[in-house]
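A.B. asks: Here is what each chain is made of, one letter per residue.
2 protein chains.
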Amino acid sequence: MPQVGKEAQNLLKHWRDTVPNDRIAHLIRDVARAQMKALQHHLLAHGVSFGHWTFLRILWIHDGLTQKELSDLAGVMEPTTFTAVKAMESMGLIERKQLPGNRKNIHVFLTSAGKKLEKKLVPLAEEVNQMSIEGIAAKDVAIMRQSLLKIIENLAVAEASS
Amino acid sequence: MPQVGKEAQNLLKHWRDTVPNDRIAHLIRDVARAQMKALQHHLLAHGVSFGHWTFLRILWIHDGLTQKELSDLAGVMEPTTFTAVKAMESMGLIERKQLPGNRKNIHVFLTSAGKKLEKKLVPLAEEVNQMSIEGIAAKDVAIMRQSLLKIIENLAVAEASS
Numbered sequence: 387m388p389q390v391g392k393e394a395q396n397l398l399k400h401w402r403d404t405v406p407n408d409r410i411a412h413l414i415r416d417v418a419r420a421q422m423k424a425l426q427h428h429l430l431a432h433g434v435s436f437g438h439w440t441f442l443r444i445l446w447i448h449d450g451l452t453q454k455e456l457s458d459l460a461g462v463m464e465p466t467t468f469t470a471v472k473a474m475e476s477m478g479l480i481e482r483k484q485l486p487g488n489r490k491n492i493h494v495f496l497t498s499a500g501k502k503l504e505k506k507l508v509p510l511a512e513e514v515n516q517m518s519i520e521g522i523a524a525k526d527v528a529i530m531r532q533s534l535l536k537i538i539e540n541l542a543v544a545e546a547s548s
Numbered sequence: 387m388p389q390v391g392k393e394a395q396n397l398l399k400h401w402r403d404t405v406p407n408d409r410i411a412h413l414i415r416d417v418a419r420a421q422m423k424a425l426q427h428h429l430l431a432h433g434v435s436f437g438h439w440t441f442l443r444i445l446w447i448h449d450g451l452t453q454k455e456l457s458d459l460a461g462v463m464e465p466t467t468f469t470a471v472k473a474m475e476s477m478g479l480i481e482r483k484q485l486p487g488n489r490k491n492i493h494v495f496l497t498s499a500g501k502k503l504e505k506k507l508v509p510l511a512e513e514v515n516q517m518s519i520e521g522i523a524a525k526d527v528a529i530m531r532q533s534l535l536k537i538i539e540n541l542a543v544a545e546a547s548s
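Chains A and B, in that order, give the protein sequences. For the first sequence, position 159 matches number 545 in our numbering, and the numbering has no gaps at all. For the second sequence, position 112 matches number 498 in our numbering, and the numbering has no gaps at all.
Note that these hints are calculated values from the structure, not bench results. A portion of the hints provided could be inaccurate.
As the list claims (entries may be wrong) - Here are the simulated BS3-like pairs of lysine-lysine, each with C-alpha atoms no more than 25 Å apart in a straight line: (1) LYS392(A) - LYS536(B); (2) LYS392(B) - LYS399(A); (3) LYS525(B) - LYS536(A); (4) LYS423(A) - LYS423(B); (5) LYS525(B) - LYS525(A); (6) LYS536(A) - LYS454(B); (7) LYS423(B) - LYS454(A); (8) LYS392(A) - LYS454(B); (9) LYS536(A) - LYS490(B); (10) LYS490(A) - LYS454(B); (11) LYS392(B) - LYS536(A); (12) LYS392(B) - LYS525(A); (13) LYS536(A) - LYS501(B); (14) LYS454(B) - LYS501(A); (15) LYS536(B) - LYS505(A); (16) LYS399(A) - LYS399(B); (17) LYS454(B) - LYS423(A); (18) LYS536(B) - LYS423(A); (19) LYS392(A) - LYS399(B); (20) LYS454(A) - LYS501(B); (21) LYS525(B) - LYS454(A).
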């Protein structure tokens with residue numbers, strides 16, 4: 387194996403040697419962070435931060451959301467969305483507009499530059515994804531996917547009953 | 387199913403209806419966030435933030451690390467560690483000490499209160515973990531665990547070769 391970085395070394399040591407049976411919630415978080423870091427590395431080469439990517443990804447599916455709706459879908463606080471949206475506006479990726487009849491809500495619309503980024507950035511995410519699951523049997527990826535969805539469902543039910 | 391919250395509803399809708407075949411990296415991140423939120427909810431009832439939990443968890447295994455080592459293991463920047471460590475010091479959970487012979491490094495040691503929290507908080511994490519995987523067959527949990535470890539390894543190798 388080529389020389390891996392300090393953080394990756396610590397991660398591998400933890401899961402291979404120190405606490406291989408550590409909680410799966412912890413493992414999932416470590417994997418999420420490693421994937422985020424890998425994608426971040428690719429995105430930065432295109433001048434896009436991971437934070438902006440998170441919002442773009444939502445807008446490519448639901449263009450024209452209000453800032454409030456965008457915050458809800460991204461799972462972040464409104465001030466975080468506001469800061470990101472202002473920065474993305476100055477980069478020419480989105481426009482903020484009020485719609486006639488409702489002066490209260492600010493809607494976020496992709497510019498054509500923002501729309502075009504989808505074709506450039508989504509393949510980077512797909513590449514990281516592909517690289518992540520290399521060597522894992524397709525049936526095991528499918529089991530992992532089902533199990534992860536089940537976790538989301540379990541936690542949603544637990545949250546609702548608490 | 388009992389009434390689930392807005393964020394959980396959005397999450398379920400995304401994965402069941404809108405984009406069920408969305409990238410697994412995205413699914414893993416959503417699961418990590420849902421688990422973090424569930425644990426956060428439990429920890430706050432004991433006056434501990436999720437950030438402090440992250441550092442305590444490391445110190446329970448490796449007491450006496452330097453602030454730099456703690457940052458590396460938590461995968462965060464040193465100022466973040468510094469802020470958390472100061473807060474945890476004023477809560478009486480840790481002490482910061484220089485060791486004789488090296489005035490440069492600040493080591494972080496658990497107080498007896500900090501040590502005692504392990505017995506109180508770890509069961510909360512275990513509970514969230516248990517609740518997460520309810521209804522998933524043990525062999526599928528094992529496949530998920532192996533697959534997640536393989537992802538960490540793949541990303542470490544990719545990072546090293548990039």
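A.B. asks: So, for every hint listed, does it hold in this structure?
C.D. replies: Going down the list of hints, with the structure as the test:
1. LYS392(A) - LYS536(B): holds (18 Å)
2. LYS392(B) - LYS399(A): Violated: LYS392(B) and LYS399(A) sit about 38 Å apart, past 25 Å.
3. LYS525(B) - LYS536(A): With a Cα-Cα distance of about 15 Å, the restraint between LYS525(B) and LYS536(A) holds, given a limit of 25 Å.
4. LYS423(A) - LYS423(B): At roughly 21 Å apart (the allowed maximum being 25 Å), LYS423(B) and LYS423(A) satisfy the hint.
5. LYS525(B) - LYS525(A): Given pair LYS525(B), LYS525(A) holds - Cα atoms ~13 Å apart, limit 25 Å.
6. LYS536(A) - LYS454(B): violated (37 Å)
7. LYS423(B) - LYS454(A): Roughly 20 Å separates the two Cα atoms, so the pair holds.
8. LYS392(A) - LYS454(B): Answer holds: LYS392(A) to LYS454(B) is near 12 Å, not above 25 Å.
9. LYS536(A) - LYS490(B): violated (48 Å)
10. LYS490(A) - LYS454(B): violated (47 Å)
11. LYS392(B) - LYS536(A): The given pair, whose Cα atoms are some 18 Å apart, holds under the 25 Å limit.
12. LYS392(B) - LYS525(A): violated (32 Å)
13. LYS536(A) - LYS501(B): violated (34 Å)
14. LYS454(B) - LYS501(A): The hint is violated at about 41 Å.
15. LYS536(B) - LYS505(A): violated (28 Å)
16. LYS399(A) - LYS399(B): violated (37 Å)
17. LYS454(B) - LYS423(A): This hinted pair holds, its Cα atoms lying about 20 Å apart.
18. LYS536(B) - LYS423(A): The given pair, whose Cα atoms are some 16 Å apart, holds under the 25 Å limit.
19. LYS392(A) - LYS399(B): Measuring from Cα to Cα gives roughly 38 Å; hence the hint is violated.
20. LYS454(A) - LYS501(B): violated (41 Å)
21. LYS525(B) - LYS454(A): violated (41 Å)
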